[in-house]
Amino acid sequence: MKTEELECLLRNPPKVKVPAELLTQIRQEISLPRPTFERPTVSPSFMRRWLPAMAAAIWLFACLVILAVQANTIRTLRHEWARLAEAENTKHATTTTLSTLPAASPIDPTEMEKLRALEQQLQAELSQLESLQAGNRKLVAELHARAGAGGDSDFFEKAAAKARLMKCVSHLKQFALAARIWSNDHGDVLPSDTSEFRDLLKGPELLCPETNLPYEIVSPGAPETDPSVPYAHCSKHNVVALCDGSVQQLGKRKLISGPDGKLTIER
Amino acid sequence: MDRSDELCEKAVQGDYQAANALLEQNYPAIYSFFRRLCPTEADSADLTQKTFAKVWTSLPSFQGRSSFRTWIHGIAHHVYVDWQRSPNRLASQPDEWWLSCPAAGPNPADLTIDRDAANTVYAAIDQLDDASRETIHLHYYQGLTLQETAQAQGIATSTVKYRIRAALAELRSRILTRNDLKQSAKV
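Respectively, the protein sequence lines represent chains A and B.
Numbered as in numbering that gives the first Met the number 0, the first sequence ends at 266 without a single skipped number.
Numbered as in numbering that gives the first Met the number 0, the second sequence ends at 186 without a single skipped number.
Simulated from the structure, these hints should not be mistaken for lab results.
Every residue gets a Cβ at the ideal spot worked out from N, C-alpha and C, and that includes glycine.
A few of these clues could be false.
As the list claims (entries may be wrong) - Okay, the calculated beta carbon distance ranges per label pair:
#  : chain 1 : residue 1 : chain 2 : residue 2 : range
1  : A       : Arg47     : B       : Asn19     : 41 to 47 Å
2  : A       : Pro51     : B       : Thr158    : 47 to 53 Å
3  : A       : Ile29     : B       : Arg2      : 46 to 52 Å
4  : B       : Ile154    : A       : Pro51     : 33 to 39 Å
5  : B       : Arg2      : A       : Glu28     : 52 to 58 Å
6  : A       : Pro51     : B       : Gln83     : 34 to 40 Å
7  : B       : Asp129    : A       : Ile29     : 29 to 35 Å
8  : B       : Asp129    : A       : Glu28     : 26 to 32 Å
9  : B       : Arg2      : A       : Pro51     : 34 to 40 Å
10 : A       : Pro51     : B       : Pro59     : 19 to 25 Å
11 : B       : Arg64     : A       : Ala52     : 37 to 43 Å
12 : B       : Ser157    : A       : Glu28     : 58 to 64 Å
13 : A       : Ile29     : B       : Tyr161    : 53 to 59 Å
14 : A       : Pro51     : B       : Arg64     : 56 to 62 Å
As the list claims (entries may be wrong) - Taking lysine to aspartate or glutamate pairs in the EDC-like style, the calculated list, with each CA pair at most 16 Å apart, reads:
#  : chain 1 : residue 1 : chain 2 : residue 2
15 : A       : Lys16     : B       : Glu23
16 : A       : Lys172    : A       : Asp243
17 : A       : Lys251    : A       : Glu265
18 : A       : Lys14     : B       : Asp129
19 : A       : Lys157    : A       : Glu209
20 : B       : Lys53     : A       : Glu28
21 : B       : Lys160    : A       : Glu6
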């Protein structure tokens, strides 16, 4: 049998009796899928579309903020810790230094009291000095006012003359005192010349500060027991030193000779 | 667009008349396909019912990449393969069944091949292996082209050609052997 004949035979197979009942049965069993209705596509709102992404982004941002705050807190705590550690180290070093120093000597309470009293005194003097300075400024101002009025030169001359007088009184007193000291070693008799007790005096006490002339010994060799006898005299200022060492300003009075020949002060 | 495709689209939309038309159009071929392969009418009817049940459920997935005829034969092929794998299936068609079937076309005697030779060919086809036998059925009995047969079976067209060529060679050898035996018996 040739291949063509065989294929021709195969293309014309015997017919099969198709049962009609089966067709009816299958027709009854037709179950078509339900038609699908396409739902209208409604575009979701902006918030509904982006809400998941926004939520994730917000969550991520919150995490970043929390991390930043924590990092900042940690950095602050580290700085604080470093500062405290440095302070602790400084304190430790100071303590070590103090411990190595020798023990301070105890302060005497009495010395402290003295120092406090001295401090109070100094403060009082300071306040007095301030008051004096204030008075001085007041006087200077008054002086200037008076000088502006016209009698300034007379005032200053008087003051200067008074100062020279007081200085002369002081010299004369030193002069009389030195003579009395000399008389103790020489039979209670005052010296008759300044050369005898020169070594007991400095140079200026022998002279009047205004005239630079030596004082006049008016009663040489007078006993020191008679206090009313004048011993030395400054003719310029009319001041007299008595034998007891005191000094008197005679003013307009004069030295006069008494009936017994002794000099006395005019009354 | 093929009429079957239009009916398929309507059936997908739930048109019962279109589905009925598809059934009436393809039911004889599918039943014949199963009846020639299966030993009993009950198995053929059962497989035909299963095939159309799958057709209705799979109808929305039909995308028209092949003809509807090819697609439904592909489903029938898978149903038949599943049935073949079932353990309780019987053997293939006995020779008596082929003798009872009316021959189509011209009389075999007119084609210089007697009826006995035709039955011998059909019986020899049943002796082929399952794959080659199904290929012969789809290509010759069901009238599918080589490409449609390949699509229905899910194999390459070259494989279909190879199987057909091997099956025809096998058939020729068997027919020749049987004729030789008959002639020797007559002598």
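Query - Hint check against the structure, violated hint numbers in rising order - result: 3, 4, 5, 6, 9, 10, 12, 13, 14 and 18
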